[in-house]
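All chains should be built: construct the whole structure from the sequences, respecting the hints.
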Amino acid sequence: MGRRDLHPRQVFVRGLLLGAALLLIAACADRVRRNPLDAQARDPVNIASPLEALAGDGMVRLRWDFTEFDDLIAVRIWREGGEGLVPVVFERAPGDTGFVDTGVVNGTLYRYQLTLDVKDESEVAIAGEQLATPGQENGWVADAGSGLVWRLTPDGRRGLFARGRFPELVGLAVDEHTGAAWVGDGRLNALHRIDTDGTLHRFGTRMTAGGAVALDAIARVGWVADAAAGAVYGFSLDAEGDTLELAEVDATLSHPIAVAPSPKGGVWIADVDDDRVLWFDEQGQRGGQWEGLSGLVALDASDIICCQAWAIDDDGLRLLRLTPRAPARVVPFPHGPATAVDVSDDTGNAWVLGEGGVVAYDSEGGILFQMQDLPGGVSLQADEAKGHLWVGEDTALWKIELAGLTYRSQLTGFSQIVRIIVDPGS
Amino acid sequence: MASAGLAITGALVAYWSTGEADSAYDRYLHAAGAHRQQDAFNKAERHDRIAGAAFFLMEAGLVLTARFVFF
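In order, the protein sequence lines correspond to chains V and P.
The first sequence begins at 1 in the numbering used here and counts up one residue at a time.
The second sequence begins at 1 in the numbering used here and counts up one residue at a time.
Honestly, the hints are just simulated from the structure, not real lab data.
One or more of the hints may lead you astray.
To list a few chain P residues with every Cβ distance to chain V over 10 Å, as calculated [claimed, not checked]: (1) Leu-6; (2) Leu-12; (3) Gly-19; (4) Ala-21; (5) Tyr-25; (6) Arg-27; (7) Leu-64; (8) Thr-65; (9) Phe-71.
Covered stretches of chain P (in silico footprint by chain V; criterion: 3 or more residues with CB under 8 Å from a CB of chain V, positions within the stretch not fixed) [said to hold, decoys possible]: (10) 34-40; (11) 44-51.
For glycine and all other residues, C-beta sits at the position ideal for the given N, C-alpha and C.
This is the structure:
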C-alpha cells in the first residue's frame, strides 16, 4: 500500500509517533547547568568566599583555591591601601592556593581583590573584596554557647582557630609574655592552656571546678577561682607536664566569682555570697577587705600599678574604687547598669562598659573618655597602647578605634560571648 | 541483517556520543571562562541528543530484528 493510499487518521497517528520520538530524543539532553547552590558545580564568579585574607603581624596571609579550573593562565591578586594610589598586583600560577603578603605595614587597612586570567578570554573579576589590617595584637574570645575559645586575627575580622569544646566556659585570661590563653571551665576540674599555635594543654588539678582566671605575666603566677568549693588557687604560668600544682589562698570564701592580679603576686577576690572583696598582698597576707558589697558583678585591677581595684556591685548599679586602708569609693557611672570593667595594666585606667556606653576613668576616678550608643556588651578590653577598644556582645565582637571613635571592624557568628581578652603583642 | 546492523550501529553511536557528552560536560564544569563554559555545555547537549537518537535507532533495529526472526 502506497503513501497516497493512507487514511488521514493513519497519517495523523504516524506523525504523532514521529513527533513523540523527536521529543524523546530532545529530552535526552538533560544536563544541569552550574548552580551556585550546588557544591559539586562551582562557578568562579559565584563562589561565596573566593579569597580569604588573614591579617598577621607585619603580613597578610591570602588563601584561595581555583585548582579545579583547567583553563586559567594566572590568578592575580590586587592590593589597594597604604602608600601609593596605584594598586599592587601579585600574579600567581593557577595551581597556587596561597600567598603571604609581607609588604604591608601594621595598622594600615588593605583591600584585596582577585581576578582570573582565562585562556582565550578577557580577565574575569571575582567578587568578594577582602579587608585586612595587620597588627601585633590578637584577640581571644570565649564563646560559651558553642563551648569554643577563638583566637582572632589582629584586626578582629576573622577567627584564626578555635579550641574546645568546653561545657561551661567561665574564665579566660592571656599570658602577655607568651601570648597563650588560660581557660577555666565551670564543669571541669582541669585548667587548659591554648598556645598561640593552637596547641591545647590540659592540666589536671585538685579543684572541684574551674572559674574566673587572672594572670600576672610579670610575676609568672596565675589565679583561678573554684566557685563551687569556695576557694581561690594560685599556680605557676611556667608549669609543664599534665598536672598543675595549686596553692590555695588562705581565706574562707563562699562563692568567689572574680579574681584580679595585684603586682608582685598579690590577688584581689570578689566573693559574691559573702558580699565582699578581699585583697591579698605579695606575701599572701590579707591586706584589705571591703564588706557589704551586695550583687557583685565584676572586678579588675592592674598587675603593674599597686594597689587599686575597680568593682561593680549592686547588680551593675554601683561602680566602686577600692584601695587598701580606705573605704570603698563610689564612682558615678552615667551609662548604667555596668556590666564589665577592664583595668589597663600599664596605666591603671579603668574602662567600664554599661548598657548605654563606655567610660574610661583615670586612677583617681576622673573621667578621661566617654562613648555613647554602644551596643550593650558583656565584656570589654582596652588596648590603650594601640588605641583600640574590643567590645563583645552576646553574638558579635566590635573593634573600635579610640581616635575618632570609629567602628573599625565587626565579627559576628558567635552564640554567647562571655569574655574577650586581647594580647597586645610585643 | 539490515535491522541487526541498524541496532549495532545505533548502539555504537550511542556509546560514543554518550562518552563525548560526558567529556564535554566535565569540561564545562572545569571551565572558568564564560565562552568556554557555553561551548562545552552546548556540545554536551548536542551529543546527548545524538546519543538519544542513536538509542532510538538501536531499539527500532532490535524490534525489527525480533519481528523478522521470530514472526
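Beyond 10 Å from every Cβ of chain V: is that where the Cβ of Ala-21 of chain P lies?
The claim is violated: Ala-21 of chain P sits with its nearest Cβ about 8 Å from chain V, within 10 Å.
Taking the minimum C-beta separation from Arg-27 of chain P to chain V, is that value above 10 Å?
8 Å, violated
Status of the stated non-contact between Leu-6 of chain P and chain V (beta carbon gap over 10 Å)
With a cut-off of 10 Å, Leu-6 of chain P remains clear of chain V, as the shortest Cβ separation is near 15 Å.
Compute the least Cβ-Cβ separation between Tyr-25 of chain P and chain V, then decide whether it is above 10 Å.
5 Å, violated
Gly-19 of chain P and chain V, when compared Cβ to Cβ, separated by more than 10 Å:
Holds, because the least Cβ-Cβ distance between Gly-19 of chain P and chain V comes to about 14 Å, which exceeds 10 Å.
Consistency of the no-contact label for Thr-65 of chain P, given chain V and a CB cut of 10 Å
19 Å, holds
Is the listed coverage of the segment 34-40 of chain P by chain V valid when you require three or more residues with a beta carbon under 8 Å from a beta carbon of that chain?
Answer holds; 4 residues pass the 8 Å Cβ test.
According to a criterion of three or more residues whose C-beta lies within less than 8 Å of a C-beta of chain V, is the segment 44-51 of chain P covered?
holds (count 6)
Beyond 10 Å from every chain V Cβ - status for Leu-12 of chain P:
17 Å, holds
Per the stated criterion, does the least C-beta distance between Leu-64 of chain P and chain V lie above 10 Å, as a non-interface residue requires?
Leu-64 of chain P is indeed farther than 10 Å from all Cβ atoms of chain V, at 15 Å.
Given as non-interface: Phe-71 of chain P, partner chain V, CB spacing beyond 10 Å:
19 Å, holds
Checked against the numbered hints above, the structure breaks hints 4, 5 and 6 and satisfies the rest.
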